[in-house]
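S.K.: Go by the hints and put chain Z onto chain U.
Protein chains in written order, with my numbering: chain U, 1 to 276; chain Z, 1 to 215.
Please note that the accuracy of each hint is not assured.
[Said to hold, decoys possible] No more than 30 angstroms apart at the CA atoms, straight line, and that leaves these computed lysine-lysine pairs for DSS-like:
#1 Z:101 <-> Z:51
#2 Z:206 <-> Z:51
#3 Z:54 <-> Z:206
#4 U:101 <-> Z:51
#5 Z:54 <-> U:101
[Stated by the list, open to error] Simulated restraints on C-beta separations:
#6 Z:163 <-> U:213: 53 to 63 angstroms
#7 Z:56 <-> U:99: 52 to 62 angstroms
#8 Z:56 <-> U:107: 33 to 43 angstroms
#9 Z:8 <-> U:96: 49 to 59 angstroms
#10 U:110 <-> Z:191: 48 to 58 angstroms
#11 U:23 <-> Z:35: 32 to 42 angstroms
#12 Z:15 <-> U:112: 46 to 56 angstroms
#13 Z:65 <-> U:107: 32 to 42 angstroms
#14 Z:36 <-> U:130: 48 to 58 angstroms
Think of the hints as simulated: they come from the structure by calculation, not from any bench. Source: prediction; values computed, not measured. Note that beta-carbon positions come from the ideal geometry of N, C-alpha and C, so glycine has one too.
Listed below are the residues making up each chain.
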Amino acid sequence: MKAQPPGPVGQSHRSLVVASDWPFMLGLSVLGGSYILLLILMVLAELSFASPSEILRILRNPDIQFSIKLTLLSCTMSAVLSVWVAVPIGYLMSRFSFRGKGFVDAVLDIPIVLPPLIVGCCLLILFNYPPFSWLSDEVVFEWPAVVLAQFVVACAFAVRTMKVSFDQIPTRFEDVALTLGCSRGQAFWRVVMPQAQRGILAALTLAWARSLGEFGPILVFAGSTHQRTEVLSTSFFLEMQSGNLRGMVAVSMIMITCAVVVLAIARLFGLRRVDL
Amino acid sequence: MIELRDIAIQQGQFSLEQIELTIPTGAYAVLMGSSGSGKSTLIEIICGLRKPSKGSVWFNGQDVTNWRPAERNVGYVPQDRALFPGISVRNQIAFGLVLRKWKDSEIHDRVMELSGLLHISHLLDRYPERLSGGEAQRVALARAIASSPGLLCLDEPLSALDHDLHEEMCRLLKTMHGYTGITILHITHSRFEASRLATHAFQLSKGRIHIPEHP
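One chain only, chain U, in its complex shape:
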């Protein structure tokens, strides 16, 4: 194997592997490979258990059809909202020092470290207090609660993704843009944002996937009422409660398909942007 100069941080490069490196390489491969194998086996097991007739039966069910529609809609809404909020917060946290920054950073981690059920409980309690209580009838146990519950958790992950994305863009570009006549806002829109596109796409995808998998906060804050607040994760829970294992697997197959389609679209779109 030919040795090559080290690439930039985050980029892989081939390098010379000598015989004495093999135990280390083997260790890496076994540890990493075990996890990858586990993931593949999990999906294959699910596939082998899924019955096409059961999936078709589930798909014909009007409650599940509503659940799929609400899932796609709510995940998209929460992902877009998450990115809308994550971009300014990520930029602020990446570029500026201010009093209380450590506190803000810790607050942003709350949805990540709190158990999901507790997040739902906190939202439920919050909507007992004004001004939130004024909207309680329209939000709690209604479809907006689904979006809000998904958004609260997904946004925290989107913020982390955007901060890392902005951290990777050198501030020198903004410095030059400022001397060329940009205001700070113009430098952000004209120079930083075009370079943050991949980060935005990653944040959007991650937020969408988190929203799809969100269950605890939705169950507590929005409930799982048929044709009203039922999303695929709660459909899965309802099938499990009724002891319908094949139904559970059918719902999970729909969720896996949704996740794979969205990830594939995001990756295709992302790759095309990079080629440009």
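M.R.: Structure of chain Z alone, referenced to chain U:
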């Protein structure tokens, strides 16, 4: 005339004190100093990208210490050139002119003039990712001087170039200075660059500026 009056900056272990510097209009000033001596920090203060702890910056008799970078009319070429990814060479050069709302025909004429002067006419439709080090340097120069700034700050512009390119860029910088008459502040650790280019040479060491006897 560019003046730094009693500039001081304190940042952790690093400090600059009582920095006094005067660069006459039209001069090619070279500020020498070893790595970590604070040369780049001084350029950032002059460009308005960093606030000094003390002292003031004067451009042609006006105190610009609290002016935003955009108001100072300074061209800046950082060491890494910082060409904007995904923007063609033509649009890099036009970047500041578009912001200053020049007419399209004026922008076109200026881009053609500068690309001719800096020998980059054949690169106008290329992207920064496909430029060599010397080409990127010339594009960064063209972008910085496009709107005819009162001062051009060059942060170690030749340090990453090989010997032949170094020579070529020295000649080009001289030609550009002669053509535009722009005041230039060029920072470097190389005495050779100072001897080739400087009309005024300064040395930054131990947090102070000195005038070397033999640049």
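S.K.: It remains to establish, for every hint, whether it holds in the given structure.
M.R.: For each hint, the structure was consulted:
1. Among the hinted pairs, residue 101 (chain Z) with residue 51 (chain Z) is consistent with the structure: their alpha-carbon atoms are about 28 angstroms apart, no more than 30 angstroms.
2. Distance restraint check for residue 206 (chain Z) and residue 51 (chain Z): the Cα-Cα separation of roughly 20 angstroms lies within the 30 angstroms cut-off, and the hinted pair is therefore satisfied.
3. Of the pairs offered as hints, the one joining residue 54 (chain Z) and residue 206 (chain Z) holds, with about 18 angstroms between alpha carbons and a cut-off of 30 angstroms not exceeded.
4. The straight-line distance between the Cα atoms of residue 101 (chain U) and residue 51 (chain Z) is roughly 21 angstroms, inside the 30 angstroms bound, and the hint therefore holds.
5. Straight-line distance between C-alpha atoms of residue 54 (chain Z) and residue 101 (chain U) comes to about 26 angstroms, which keeps the hinted pair within the 30 angstroms bound.
6. Under the hint 53 to 63 angstroms, the C-beta atoms of residue 163 (chain Z) and residue 213 (chain U), about 58 angstroms apart, fit the expected range.
7. For residue 56 (chain Z) paired with residue 99 (chain U), a C-beta distance near 27 angstroms fails the hint of 52 to 62 angstroms.
8. At roughly 40 angstroms, the beta-carbon separation of residue 56 (chain Z) and residue 107 (chain U) lies within the given 33 to 43 angstroms, and the hint holds.
9. A hinted range of 49 to 59 angstroms for the beta carbons of residue 8 (chain Z) and residue 96 (chain U) is inconsistent with their spacing of about 24 angstroms.
10. As the Cβ distance of residue 110 (chain U) to residue 191 (chain Z) is approximately 57 angstroms, the hint placing it in 48 to 58 angstroms holds.
11. A C-beta distance of roughly 40 angstroms is found between residue 23 (chain U) and residue 35 (chain Z), which places it inside the suggested range of 32 to 42 angstroms.
12. At about 40 angstroms, the CB distance of residue 15 (chain Z) to residue 112 (chain U) disagrees with the hint of 46 to 56 angstroms.
13. Distance hint check: the CB atoms of residue 65 (chain Z) and residue 107 (chain U) are about 36 angstroms apart, consistent with the given range 32 to 42 angstroms.
14. In this structure the hint that residue 36 (chain Z) and residue 130 (chain U) lie 48 to 58 angstroms apart at CB holds, the actual value being about 57 angstroms.
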